[in-house]
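Trainee: Residue numbers for the sequence shown follow the UniProt record's numbering, beginning at 1 and rising by one.
Simulated from the structure, these hints should not be mistaken for lab results. Yeah, the Cβ is synthetic: ideal placement off N, Cα and C, and Gly gets one too. It is possible that part of the hints are untrue.
As the list claims (entries may be wrong) - Have a look at the derived ranges for each label pair, beta carbon to beta carbon:
#, residue 1, residue 2, range
1, 204, 386, 49 to 55 angstroms
2, 272, 54, 25 to 31 angstroms
3, 164, 28, 29 to 35 angstroms
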Amino acid sequence: MRWIRGVLDLESKSINNTDVKIDKSNLNIIDSNALKTDVYLGKYLSVSTVTTEKNTKSVFTKNQISICGDITIFNQEELYSLLNNHFDNSNTENLVYELYNKFGPKFAEYINGEFAIIIWDESLNKLFLIRDQIGIKTLFWCYKNNEIWFSSDIELLLPNFSMQLLNNDYFLEFYQSNGCVNSSITPYKEVNRLRSGTFVEISNHRVVEREYWSLSSLPENPFGIMKNKDYKDCFLELFESAVEKRTSKKEINGVLLSGGLDSTSIYAMAVNYLSKAGRVNEIKAVSAVFDEYKRSDEREYIRLLTEMYGGSTAFKVCDSEYFFKGFPNHCAWSFEPAVNSASFKFTDSLIKLSSELGVKNLLTGYAGDHVLSGSSFQFADSLKRGRLLKLVSDVYSYSKVCRLSFPQVLVRDAINPLFGLSSLHSKISALPTMTKDAINKNKTLSKKEFCYQLNGTVARIYTDRVIASRYGINCSHPFLDKKLIEFLYSVPPNWKWNSGVTKVILRKGMKNKLPQEILDRKNKTDHYPLIYSGLRNEWPKLFETIREARISEFGLVSKSEWKTALINWRNGVETREDIWPLINLEIWLHNLDNYKSSI
């Protein structure tokens, strides 16, 4: 884990240690004594970092170029070949320096990694802020008194922005994007976010944002023309690499393990990798289980997996870790609303157990559902491209599975979507303009849906930067590997979804690597009992707060509509689909008032 706070002083005023240094006690870290602090004070650029790593410096400087950030690169050898020269390759920042010298700020498109990079080029009088393609690392900035302040987290920019100046456009965007904001705006008018896959160039008080990577800009077959069997082999190679690169060679690794296909596949790959390195039975698996809510319990699948690999799992019984538990003190405060904050107690209990087991690097199966599931929208794509024989064959097979007539499936899943009559079109239409336009650049419905789902992975930031960081744990998500994402975006859609079966390529790739009972699973376990339990136990206090309808100030819903929706939701009556982001936003606005009154 790493936290960054820095400033570019455009007038070369005197910046002192106190101005820029991060106060560890303000980071909401349970054991702040384990953190290391470094401060760099330069003529123009000053940076402070706090990290769980050892022997790290805030800033790398060479030939009037200064580089800092939170940088992890997975394809170093590929980049060394690209540079085709010899230099000290032991330093990540030096590699970034060489790439920047050769390619300029667009060098980031060649990196497969997770990074938030800051480059001050004094010879050009330009500052570059660069964020990785998927947005794993976060980076924010603001402008004050002829100074550019930047940081890994919004709160580290204080006191250089006002929490009183809220950005109403943000709250509309939060609602439109179902709580997954990936634009340049934040809840605060004076604070800017760097979007994933972009860099910002700041020079002479002029700010230019440029996109250097997007899925819709990929060539038709970025991995070349493949035969059927090649897809599985290529996927396995990329998946295995994604897990290995994110498995720590020094720290204790853990896996958040359910009984589903995604996390069990991560576990299997990580165990195999560590076993090859002679680290047998080292991985720590942590699983949520339920004694009361049997429908949510997955012990039978987890035990099959650990028996197969000779490992063990630390079980956390989570029946009492219901949503909104302890309201209004039910979650850790964050400077942005989060759609998954209601489940804080549940997630925190698992990460806390991981910490107690000594885990510092926690692998998850997060985003497997987003990038692997696919859907029947491929029927509409086949119809549009005139692939009628394939369309007839696929629709006929699926109609047998879902027990509908051929014409019913054809109209519902092929013809209607082609004319904009589908749930996907409605969801995309409701998105903020920039996000909607980016998704609509894709040529097929299958690829539009893929990008829509990928945008939803922004929700993991609350877990990564707020919950896990409290314990000094780094969360790693192999399914969000850039190369793996590019491959799954480009693969024929029937390798993800086929006749109602999802994650086809993962099931085929993990054959003989997972118990057959897991490979054959079709339905996912849900945690609805934790929601209902939370409503039963916390409703009086919860309703007293959220009925105030602060969200009505932003035109998202009227007070009367909101009260009706809440009562229906509490009573289990069908209500508005957008209830979840609205409730979390309402609670956050309430907590924001409390936070501002406490400082």
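Trainee: Are there hints from earlier that the structure breaks, and if so, what are their numbers?
Mentor: 3
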